[in-house]
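> Letter by letter, the chains look like this.
2 protein chains.
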Amino acid sequence: MINKLIAKIQKTKAPIVVGLDPMLSYIPEHIQKKAFEEYGETLEGAAEAIWQFNKEIVDKTYDLIPAVKPQIAMYEQFGIEGLKAYKKTIDYCKSKDLVVIGDIKRGDIGSTSAAYAVGHLGKIQVGSKCYVPFDEDFATVNPYLGSDGVKPFIEVCQEEGKGIFVLVKTSNPSSGEFQDQLVDGRPLYELVGEKVAQWGEEHMGDTYSYVGAVVGATYPEMGAVLRKLMPKTFILVPGYGAQGGQGKDLVNFFNEDGLGAIVNSSRGIIAAYKQEKYASFGPENFGDASRAAVEDMASDIRQALEAR
Amino acid sequence: MINKLIAKIQKTKAPIVVGLDPMLSYIPEHIQKKAFEEYGETLEGAAEAIWQFNKEIVDKTYDLIPAVKPQIAMYEQFGIEGLKAYKKTIDYCKSKDLVVIGDIKRGDIGSTSAAYAVGHLGKIQVGSKCYVPFDEDFATVNPYLGSDGVKPFIEVCQEEGKGIFVLVKTSNPSSGEFQDQLVDGRPLYELVGEKVAQWGEEHMGDTYSYVGAVVGATYPEMGAVLRKLMPKTFILVPGYGAQGGQGKDLVNFFNEDGLGAIVNSSRGIIAAYKQEKYASFGPENFGDASRAAVEDMASDIRQALEAR
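Chains as they are written, first to last, in the numbering used here: chain A, 319 to 626; chain B, 319 to 626.
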């Protein structure tokens, strides 16, 4: 799957991932209205609105991008109905040949991480039958519990040819509270990064590992250090756009081969029609606004990479 | 909710929580067979088996215990159908007046943690209507992202009178890999513990905070240190029984008032009928075996507390 991700990045010339993190407030009035007319102002109605919103954005952008990253929390907040929309979105994106990164940030003790790994990346046995419950291509994983919590994911990935991105240095303002604490003079995130590189050796693709890392665009200097520390690790970089990261901040996350990173934007793409820059599209054409935002983001990153 | 938890511990004289973490391999043949006859060897069939298994254990133990802790991963591994069984289990336990601790170990950047908090502990607005998606009483939270990731949970808890348990020192063998790293001569988990105590001041019950901590029974010496560091923090203690912890290891986690901790056992209770000690009950009477295991565990902890 890491090989497929890289091939798709090379084909689209766009190392970007669209974060499908729908909030009801992002969804244009006409989509909400139609969903509520059909299902009422219910969790089912909200899930239908989310699904129709996602579908339009995917339809308008899938040929430009290698991957999407649905954030499961945005679906889980609507309970079971929301999670059905999460699954529907995964299946639809895969039918469009997009790589799907499930932003689930799971992580637990061994047997429990194994259950998450099976549910999201693997197969579950029921009697004599076998099922694929959520079937993302990649999942994000929280490292706080150590190797015990991460290795069950890697084992399932080895069986299924799938991958993970382990949180190393997150994009949020307070990420330093624990992640930046100095251990023998070095920040904790560097130790986590070293572990990610070690874990990654257990499951290599052709040039990069199936075990990737999450490092926020909002911390470009730390990105440069981590890039060197984990040379064969693909870095998923959230925090571009709405969270404050810009193209020029991103070059540090890439290797000399122009690969090694994939940059996420969520709100900046999916709610583009709400920005002044794309307002002329109007809410009816929100998908076209998202397409324009994807093109601008890809070009911003390409220019930054060429200028270095 | 922390006040209710404490009142129920005092009433049952059992500071214990039953971990409803069903694996198909724990579920007696006759329950699986019946579920598969009705729904086939499907995810729905597996979910039905889990639900019937849980129901019997709850029916046979609810009068002895203050709380249950369903581990969502064990449901999530069966996809949407599994999560329906999770929700059904929560609702049933609440109808039996049990406090429900959702072991979800979520944690993300601010807006995303807010979505998890709403979905599990709060209410979600859909148009003019309001819904309670999962409705646990407490949830476990991963602190790796810092205050940003934890505070949205606390805000929802303040609105709803609910609580959280933040992972401080987990029970698994490799928990020390990052959690024990020394920062200015002190392990990281102590820093996390101090933060938990601080966060807890923002949402106090009568004697303890609504913001609790998770500290594994497998690390009793660290438990003693953390107990002093977080005097008003209720500690959820996993790792008793199957993971290796014993009654005598647990006294460190309690305050002088005999409160301040609640000890979880999962496999040791729900799969008790598989142990030699309870084998005479037979698989047909697995619920009675679980009841006996609860009584033995409560008495083990009471004796250890009296002996100190």
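I should point out that these hints are in silico values taken from the structure, not numbers from a laboratory. Model, not experiment: these values are computed from the prediction. Wrong hints could be hidden among the right ones.
[Said to hold, decoys possible] In silico PhoX-like pairs for lysine-lysine, Cα to Cα no more than 25 Å straight-line:
{"id": "1", "chain 1": "B", "residue 1": "Lys566", "chain 2": "A", "residue 2": "Lys351"}
{"id": "2", "chain 1": "B", "residue 1": "Lys378", "chain 2": "B", "residue 2": "Lys412"}
{"id": "3", "chain 1": "B", "residue 1": "Lys406", "chain 2": "A", "residue 2": "Lys405"}
{"id": "4", "chain 1": "B", "residue 1": "Lys592", "chain 2": "B", "residue 2": "Lys329"}
{"id": "5", "chain 1": "A", "residue 1": "Lys402", "chain 2": "B", "residue 2": "Lys441"}
{"id": "6", "chain 1": "A", "residue 1": "Lys550", "chain 2": "A", "residue 2": "Lys373"}
{"id": "7", "chain 1": "A", "residue 1": "Lys441", "chain 2": "B", "residue 2": "Lys405"}
{"id": "8", "chain 1": "B", "residue 1": "Lys412", "chain 2": "A", "residue 2": "Lys441"}
{"id": "9", "chain 1": "A", "residue 1": "Lys441", "chain 2": "B", "residue 2": "Lys406"}
{"id": "10", "chain 1": "B", "residue 1": "Lys329", "chain 2": "A", "residue 2": "Lys447"}
{"id": "11", "chain 1": "A", "residue 1": "Lys402", "chain 2": "B", "residue 2": "Lys406"}
{"id": "12", "chain 1": "A", "residue 1": "Lys402", "chain 2": "A", "residue 2": "Lys412"}
{"id": "13", "chain 1": "B", "residue 1": "Lys566", "chain 2": "B", "residue 2": "Lys331"}
{"id": "14", "chain 1": "A", "residue 1": "Lys402", "chain 2": "B", "residue 2": "Lys447"}
{"id": "15", "chain 1": "A", "residue 1": "Lys412", "chain 2": "A", "residue 2": "Lys447"}
{"id": "16", "chain 1": "B", "residue 1": "Lys373", "chain 2": "B", "residue 2": "Lys566"}
{"id": "17", "chain 1": "A", "residue 1": "Lys406", "chain 2": "B", "residue 2": "Lys406"}
{"id": "18", "chain 1": "A", "residue 1": "Lys441", "chain 2": "B", "residue 2": "Lys352"}
{"id": "19", "chain 1": "A", "residue 1": "Lys414", "chain 2": "A", "residue 2": "Lys402"}
{"id": "20", "chain 1": "A", "residue 1": "Lys326", "chain 2": "A", "residue 2": "Lys352"}
{"id": "21", "chain 1": "B", "residue 1": "Lys329", "chain 2": "A", "residue 2": "Lys352"}
{"id": "22", "chain 1": "A", "residue 1": "Lys406", "chain 2": "B", "residue 2": "Lys405"}
{"id": "23", "chain 1": "B", "residue 1": "Lys405", "chain 2": "A", "residue 2": "Lys405"}
{"id": "24", "chain 1": "B", "residue 1": "Lys378", "chain 2": "A", "residue 2": "Lys406"}
{"id": "25", "chain 1": "A", "residue 1": "Lys447", "chain 2": "B", "residue 2": "Lys352"}
{"id": "26", "chain 1": "A", "residue 1": "Lys405", "chain 2": "A", "residue 2": "Lys447"}
{"id": "27", "chain 1": "B", "residue 1": "Lys550", "chain 2": "B", "residue 2": "Lys592"}
{"id": "28", "chain 1": "A", "residue 1": "Lys326", "chain 2": "A", "residue 2": "Lys351"}
{"id": "29", "chain 1": "A", "residue 1": "Lys469", "chain 2": "A", "residue 2": "Lys592"}
{"id": "30", "chain 1": "A", "residue 1": "Lys405", "chain 2": "B", "residue 2": "Lys441"}
{"id": "31", "chain 1": "A", "residue 1": "Lys352", "chain 2": "B", "residue 2": "Lys331"}
{"id": "32", "chain 1": "B", "residue 1": "Lys378", "chain 2": "B", "residue 2": "Lys331"}
{"id": "33", "chain 1": "B", "residue 1": "Lys322", "chain 2": "B", "residue 2": "Lys412"}
{"id": "34", "chain 1": "B", "residue 1": "Lys405", "chain 2": "A", "residue 2": "Lys402"}
[As the list claims (entries may be wrong)] Partial chain A-side listing against chain B, Cβ under 8 Å, derived:
{"id": "35", "residue": "Ser446"}
{"id": "36", "residue": "Leu500"}
{"id": "37", "residue": "Gly503"}
Where a beta carbon is used, it is the ideal one built from N, C-alpha and C, also for glycine.
> Would you mind confirming whether the straight-line C-alpha gap from A:Lys406 to B:Lys405 stays at or under 25 Å?
Distance ~20 Å between A:Lys406 and B:Lys405 Cα, so the pair holds.
> Could you grab the alpha-carbon distance between A:Lys412 and A:Lys447 and see if it respects the 25 Å cut-off?
Holds: A:Lys412 and A:Lys447 sit about 23 Å apart, inside 25 Å.
> Within a Cα-Cα threshold of 25 Å, do A:Lys402 and B:Lys447 meet the stated pairing?
Holds, at about 20 Å.
> Are B:Lys412 and A:Lys441 close enough, with their CA atoms no more than 25 Å apart?
32 Å, violated
> With a cut-off of 25 Å on the C-alpha distance, tell me whether B:Lys329 and A:Lys352 pass.
52 Å, violated
> Is it true that the CA of A:Lys469 sits at most 25 Å from the CA of A:Lys592?
41 Å, violated
> Holds or violated: are the alpha carbons of A:Lys406 and B:Lys406 at most 25 Å from each other?
Holds, at roughly 23 Å.
> Can the restraint linking A:Lys447 and B:Lys352 be considered satisfied, given a maximum Cα separation of 25 Å?
16 Å, holds
> Is the interface hint satisfied for A:Gly503? The criterion is a beta-carbon contact with chain B at less than 8 Å.
Nearest chain B Cβ about 11 Å off; hint violated.
> Measure nothing beyond the straight line between the CA atoms of A:Lys352 and B:Lys331; if it is 25 Å or shorter, mark the hint as holding.
Judged against 25 Å, a Cα distance of about 54 Å means the pair is violated.
> Is the hinted pair A:Lys414 and A:Lys402 satisfied, with a Cα-Cα distance of at most 25 Å?
19 Å, holds
> Has the given pair, A:Lys441 with B:Lys405, been kept, meaning a C-alpha gap of at most 25 Å?
22 Å, holds
Checked against the numbered hints given earlier, this structure breaks hints 1, 4, 6, 8, 10, 16, 20, 21, 24, 27, 28, 29, 31 and 37; the rest are met.
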